[in-house]
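Visitor: Sequence:
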Amino acid sequence: LVANDQRGVLSHGTAQLRRYVGQYRRGHLNPAPAVRLVTETPATAVVDGDGGLGHFAAQRATELAITKAKEVGTAAVLTKHHGHLGAAGTWTRLPLPAGCAAMCTSGVDRSSHRGRHQVTPSILFAGAGGPISFAVPAREEPPFVMDIACSPGYGRGELEQRMQIAPKAVIRLMNLSVVTMSLGGILAGVSQLPEVEDRTWPGANQGGLIVVFDLACFMPLDEFLTEMDDYLRSARELLPLPGHDRALLAGMLEAEREQEWEVSGIPLSPEHLAMLDELAAEAAMSPLAR
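Mapping the sequence shown onto our numbering, position 274 (from 1) lands on 274, and the numbers just tick up by one.
Simulated from the structure, these hints should not be mistaken for lab results.
Just so you know, these numbers come straight off a predicted model, no measurement behind them.
Backbone N, C-alpha and C fix where the C-beta goes; we use that ideal spot for every residue, glycine too.
It is possible that some hints are incorrect.
Computed beta-carbon distance windows for the label pairs [unchecked claim]:
(1) 219 to 42: 19 to 29 angstroms
(2) 195 to 227: 13 to 23 angstroms
(3) 42 to 161: 11 to 21 angstroms
(4) 42 to 226: 40 to 50 angstroms
(5) 121 to 22: 38 to 48 angstroms
(6) 264 to 121: 39 to 49 angstroms
(7) 223 to 286: 48 to 58 angstroms
(8) 25 to 227: 24 to 34 angstroms
(9) 31 to 172: 32 to 42 angstroms
(10) 226 to 194: 48 to 58 angstroms
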């Protein structure tokens, strides 16, 4: 969570603690999950999160996928029966130092989203707006790390406004969210979950998929990293988008923040700091040092 804060991905950093702590206190998540391997082949595996927070299952799944990819070239590991797994980009970044590219997505039990904002849900809710992330390493340039939520907008009036401005983008995101639901949700069995009141851990309503590619199996790694550096540098030399003063690809700004804030500290808002202090007090812990 702190690593996401340091990259400026504040929505999926320590801001999530209030939500996670609340789920534990309400008994919606297993506070001591025994994450286990369910099935395994040389290139695939399924990891059960035992009703706990999704971070634990995702960590094990990603590490396993890296090991398998280094052995057989490409590996896919599915996670199931857990809560929120955090930012998908957290898990696609892990394989980068091993010379691997990665993809991660996640799906959620649709009943937790269906009708959340309206009586008769739009077809937009078919995919529940899940995340998808891709990460590709480079040598000297920051790695390419794309991490997006496939949600064209859930707020009142937001969808209508975006359909008027960019209908094609809304439709593409909607269908991309179906991919996240299909591979990160249905494949993980979330569509087969019992009703919330019948679950031992009601918050364990998510699944995930991590796919890792050992780049050296496709071309010499040094050659690939050299090409990526050249490609990313040339991209930064292009004209920026309208309204922007720099030409940046996904992961570049985050890498800059990561380096700068390692020295200067993470600039959290007063409200964010107050929330962390409140949680610390509730847990009889010392507040953050200022």
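Visitor: Hints first: check each against the structure and report whether it holds.
Guide: The hints, checked one at a time:
1. Residue 219 and residue 42 have their C-beta atoms about 22 angstroms apart, which keeps the hinted 19 to 29 angstroms range intact.
2. Distance hint check: the CB atoms of residue 195 and residue 227 are about 51 angstroms apart, inconsistent with the given range 13 to 23 angstroms.
3. Restraint check, residue 42 to residue 161: a C-beta distance of roughly 49 angstroms breaks the suggested window 11 to 21 angstroms.
4. Distance hint check: the CB atoms of residue 42 and residue 226 are about 30 angstroms apart, inconsistent with the given range 40 to 50 angstroms.
5. A C-beta distance of roughly 25 angstroms is found between residue 121 and residue 22, which places it outside the suggested range of 38 to 48 angstroms.
6. The beta-carbon spacing between residue 264 and residue 121, approximately 44 angstroms, falls within the hinted interval of 39 to 49 angstroms.
7. Under the hint 48 to 58 angstroms, the C-beta atoms of residue 223 and residue 286, about 51 angstroms apart, fit the expected range.
8. Between residue 25 and residue 227 the beta carbons are some 50 angstroms apart, a value that contradicts the proposed interval 24 to 34 angstroms.
9. At about 39 angstroms, the CB distance of residue 31 to residue 172 agrees with the hint of 32 to 42 angstroms.
10. Between residue 226 and residue 194, the C-beta spacing of about 52 angstroms keeps the proposed range 48 to 58 angstroms intact.
Violation of the numbered hints given earlier is confined to hints 2, 3, 4, 5 and 8; the remaining hints are satisfied by the structure.
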